[in-house]
Amino acid sequence: MTIAYFPGCSAASTGREFAESTEALCEALGLALVEIPDWNCCGATSAGVLSPHMSAALNSRNLKQAAALDAPILAPCAACYNRLKTAQLELREKPALAAEYEVPAKALNTRIMNLPEMLLEYPGLERLAEMVKVDLSYLHPGAYYGCLMLRPPKAVQFDDAEQPTSMERILTAVGLHPVDWCARTECCGASLASTRPGYVTNQVGKIVSCAKRSEANCLVAACPLCVLNLESRQAEPEPLPVFYLSEIVAAAIGVAPEKLGTQRHLLSKALVGAKGH
Amino acid sequence: MRVLDQGRESTSHPEFVDLICELSGEDVRKCYQCGKCTAGCPAMEEMDLAPSQVMRGVQAGLKDLVLDSRSIWCCAGCQTCAARCPKGLDLCHVMKALTSEAYAEGRTSAAPDVVAFHQSFMDTVGVLGRNYELGMIGLMKLRTRNFFQDIGLGMKLFAKGKINLLPDYVKGNAEVRRLIRESLAKRPHTGETPVPPVAQGGGSL
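Here the protein sequences line up with chains Z and P, keeping their order.
Each number in the numbering used here corresponds to the 1-based position in the first sequence with 638 added.
Each number in the numbering used here corresponds to the 1-based position in the second sequence with 1 added.
Quick caveat, the hints were computed from the structure, so don't treat them as lab data.
Be careful, since some hints might not be right.
Calculated pairs, DMTMM-like style, for lysine to aspartate or glutamate (alpha carbon to alpha carbon, straight line, at most 25 Å) [as the list claims (entries may be wrong)]: (1) 897/Z x 169/P; (2) 37/P x 738/Z; (3) 732/Z x 28/P; (4) 31/P x 800/Z; (5) 172/P x 800/Z; (6) 187/P x 728/Z.
Given the structure is predicted, the values throughout are model-derived calculations rather than measurements.
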């Protein structure tokens, strides 16, 4: 199975362990990731703030670059995923715009997946459960979805925007005990992290205290912006470690933690076998 | 037309409603002020107008009130409002239409640091085709003159190998730069000569 891979800009920097663990996980699952040739930045929040046309323009190029691979796209970063899907929908709804940017019809219908979406299908929950080699049952994570993987539902059409279950189903399949908690789809404020740090620290504090009240001993997310923000803006004396979904699933099916970039975390280096999480 | 709103007098620009509807792709007139967007907004504490007030301001054509507000720049883009609006309106599209209009008109004094962040982000994308965090943060610090914020965090990230010294770049970076420039120059209602955006604080977009 070939997957067209859109790593996103953070894969080379602040989200490095997300990229490393996603790549190691796909290798272990027998999925061939082929990087989209010469992909460009999706524009994240900034493109849309400065011009209502910029996000579709930038991502029309990405969709064209991906079309050559003729495979479903995996965009692990929630922001890239959201921008690619939103642009694809806009280009589908506005044929004149698709013609202006010369986007081929094939690119308008290519499937774009986030990481949990891919895992639910490739390899699927049953197969994942069969592959488990390492006992991670001591982890009681709060699955944190944040915003961009789920909203706006019209564009992303993934899971339930208010009561999602995909990450909990995956975490349960690989032997963890995710907790029920209330801030799973709250915004962490990442887009304002460097301009309104005080507000963002508050927002992260609210999310973390919700998770602690539900007796979570870590958070698991699938967005590099969320993870950086949740790790760097936690002001609590006893911070909650934050992991990527890709790290957890890969560790559970027996990929060595050093292949997962786990040592790069700001809060907790150790994943497998760590005590006192 | 003069409008008196909670003691503030503003001038109404009826054509502003059409402009924002066109730029955002959302029919702002449909908003019936239920307030659900405001109730769920996580960024309210940074805003001067609630999201539902921004919508009402647009409906009333209160261009100055809305474009000079802090709220449009402090929207976190989380789309909670878009997921919950009973009229199916995507308020994030409206907020972005408003920021882009404010940016094109040079009205950025309500949140110059937020504008500096977005300009610096797109500057690096314009040059390289991808975001380069070190370059972006450097440009932002030059624009805001806030040199010491988050230095400690930067050092920690660097120590973990999470700050790239050398940027990645895209072979088609000239095409990316062209797409960015053309998007900024696209103005509604016109086939006329595009108006270049007003550059602020050493902006080079």
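Between residue 172/P and residue 800/Z, does the CA-CA distance stay at or below 25 Å? Distance of about 40 Å is beyond 25 Å: violated.
Taking only the CA atoms, is the gap from residue 732/Z to residue 28/P under or equal to 25 Å? holds, 17 Å
25 Å limit on alpha-carbon distance, applied to hinted pair residue 37/P and residue 738/Z: Distance of about 37 Å is beyond 25 Å: violated.
Satisfaction of hint between residue 169/P and residue 897/Z, Cα-Cα up to 25 Å: Satisfied, since the Cα-Cα distance of roughly 22 Å is no more than 25 Å.
If you draw a straight line from the CA of residue 31/P to the CA of residue 800/Z, is it 25 Å or shorter? Since the Cα atoms of residue 31/P and residue 800/Z sit roughly 23 Å apart, the hinted pair holds (cutoff 25 Å).
Do the alpha carbons of residue 187/P and residue 728/Z lie within 25 Å of each other, as the hint requires? holds, 17 Å
Checked against the numbered hints given earlier, the structure breaks hints 2 and 5 and satisfies all the rest.
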